[in-house]
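Chemist: Please arrange chain B on chain A, whose structure you already have, making use of the hints.
Going down the list, the sequences are from chains A and B. Going by numbering that gives the first Met the number 0, the first sequence opens with residue 0, and the numbers climb by one from there. Going by numbering that gives the first Met the number 0, the second sequence opens with residue 0, and the numbers climb by one from there.
If you are wondering where the hints come from, they were derived from the structure by calculation, not from laboratory data. C-beta atoms are modelled at their ideal positions from N, C-alpha and C, and glycine is treated no differently. You may find that some hints are simply not true.
Reference listing, derived: stretches of chain A covered by chain B, where coverage requires no fewer than 3 residues with Cβ under 8 Å from a Cβ of chain B [as the list claims (entries may be wrong)]: (1) 87-94; (2) 204-216; (3) 239-252.
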Amino acid sequence: MPFEITDAGMVFLDLSYLIAAVMFVIGLKMLSRPDKARAGNVWAAAGMLLAMITTLIFHKNAEGQNIAFQNILLVLAVIAVASVMGIVIARRVKMTAMPQLVSLFNATGGIASALVALIESGDPGNNSQMVTLLGMATGSIAFSGSLIAYGKLDGKIRDWLSPLMKYINLSLLLILIAMIVFMLLPMADPGLFKMLVYVLFFFSIVYGITFVMPIGGADMPVVISLLNALTGIAAALAGFIYSNQAMILGGILVGAAGMVLTLLMCRAMNRSLLNVIVGSFGGHTGEGGRQVAGSIREISLSDAGILLNYSQKVVIVPGYGLAAAQAQHICSELDTLLSDRGVDVRYAIHPVAGRMPGHMNVLLAEANVPYEKLVEMDHINPDMPNVDVVIVIGANDVVNPAALDDPSGPIYGMPIILAHAAKNIIVIKRGMGKGYAAIENSLFFNDKTRMLFGHAKEILQKLVTEIKGME
Amino acid sequence: MDAALQFISEFRQEIFILVLAIFLGIEVISNVPSVLHTPLMSGANAISGVIVIGGIILLGHADLSNPGPSVIIGALAVFFATLNVAGGFAVTDRMLEMFRKKRNPKS
Chain A
0 MPFEITDAGM
10 VFLDLSYLIA
20 AVMFVIGLKM
30 LSRPDKARAG
40 NVWAAAGMLL
50 AMITTLIFHK
60 NAEGQNIAFQ
70 NILLVLAVIA
80 VASVMGIVIA
90 RRVKMTAMPQ
100 LVSLFNATGG
110 IASALVALIE
120 SGDPGNNSQM
130 VTLLGMATGS
140 IAFSGSLIAY
150 GKLDGKIRDW
160 LSPLMKYINL
170 SLLLILIAMI
180 VFMLLPMADP
190 GLFKMLVYVL
200 FFFSIVYGIT
210 FVMPIGGADM
220 PVVISLLNAL
230 TGIAAALAGF
240 IYSNQAMILG
250 GILVGAAGMV
260 LTLLMCRAMN
270 RSLLNVIVGS
280 FGGHTGEGGR
290 QVAGSIREIS
300 LSDAGILLNY
310 SQKVVIVPGY
320 GLAAAQAQHI
330 CSELDTLLSD
340 RGVDVRYAIH
350 PVAGRMPGHM
360 NVLLAEANVP
370 YEKLVEMDHI
380 NPDMPNVDVV
390 IVIGANDVVN
400 PAALDDPSGP
410 IYGMPIILAH
420 AAKNIIVIKR
430 GMGKGYAAIE
440 NSLFFNDKTR
450 MLFGHAKEIL
460 QKLVTEIKGM
470 E
Chain B
0 MDAALQFISE
10 FRQEIFILVL
20 AIFLGIEVIS
30 NVPSVLHTPL
40 MSGANAISGV
50 IVIGGIILLG
60 HADLSNPGPS
70 VIIGALAVFF
80 ATLNVAGGFA
90 VTDRMLEMFR
100 KKRNPKS
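If we strip away everything but chain A, and leave its shape as in the complex, we get (with noise of 0.2 Å):
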């Protein structure tokens, strides 16, 4: 008998899936390389164009319709004012804002798949509950931490740290374990059962809540990068519901590489996930922590300027707290000044600088620091004995010999970018509070070290003035 095709449509929107899962993983292999990242970005987002086009053409429903033609113009005409305010809010919003705005997007994908869920759970014919109201759970999961984080990256909610989330949380996880396990047996009522629903959904968005509220400081590019690894499963979790491979590839494959880049960002700090979401480090009071013999030395702008202006290689370390200052601009002037008098400026940047993975490459892309400059901490590292002068700026834990010597202090292994081996080290610093570990940090007492205080904006800016008297 000859292979009859059914229905030539179904074929065609299979089809169109696995191109577009495959623009997917293309697209995401290309962003993973400087050269073609751009292009990457754009196959992805043209793999998922596909993918919503087929689906509002070919889709049939288990009655076998297609989508009605109204239904058809509703979608368009949500998904062109979603697009176009999408667009303009990405476009217009501030570089330095960018995290936040990473963030943003990703609790909205996060209660997508939270609402998708929520009304696919209510369906009696769904043969997928588990993973429905796994991918509801996570979802709101993701959507409300995602917002907190939000909050945080702009500053409007601060940390709130209380030695009984640690028991909250893991009580608000057990509860919400426990009720999937429960609506997985049988029920005889199905207004319970509608009812638990919801209450999962309002534990699952309480639950991100209370997750997100205790970590933050350095900790935040391992939080948002777990987010945004707990959305795509999300996804892929709600693709089971309509078999969908593009879905589940599509979400997995974020699933996957944002856990990969989390564990990245954890082994840049040399803790475990577990010990970044139950255990912060930020809440205790540098227990374990060695006493700091020496004493502090300033050093005048003008000497600071002259310092600078005569050296060969010069080494710039900036932190959050160049982002805090939004001194990246006047950063980039001095980098300039200095660069055009033949003074070798790069930077040195540790993984978990800043508070997304990658935050002071786009900070300093944004200044328009060419990405050259650029040093990934292992390959200034061994150079560093070279440098005459290292410029730390509104960085600290990730510069602490502590890591190195201390086994007692909490930072201990953590790789840091060996500030202290260059020849002298100017630190650039508000005041002399502790870094979010909370622990004193012996480079600052070192007898190279010498400390400029201030508003870094100020501080680059009297420098950059300093410097440009000079001949």
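Modeler: Positioned in the frame of chain A, the structure of chain B alone reads:
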């Protein structure tokens, strides 16, 4: 136990895709330079907006003559997912454009 077996047999193909996709995801982004961490995360974030397809299916087959929660919630799902997709890809492009510009030395 039966439920688990039934689940596995029902979703054989999907589980297959899922497991292989995990490996693919890990493989694809290993060795990414830190310069690209933010754009990669942002681009991946946009891809996770693939839930928009679920939203389209939901809203697409919703009964408009008798609008219930699936119309409203479906529309919200499509809205939020599209915001994620369009905004995510746009912001990634903007970031990468910024990186590219830097290639030419300052004038």
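Chemist: Now tell me, hint by hint, if it's right for this structure.
Modeler: Quick rundown of the hints versus the structure:
Counting residues of the segment 87-94 of chain A whose beta-carbon sits less than 8 Å from any beta-carbon of chain B gives 5, enough to reach three: the coverage restraint holds. Only residues whose C-beta sits within less than 8 Å of a C-beta in chain B count toward coverage, and the segment 204-216 of chain A has 0 of them, not enough to reach three; the restraint is violated. Restraint check on the segment 239-252 of chain A versus chain B: 14 residues with Cβ-Cβ distances below 8 Å, three needed, restraint holds.
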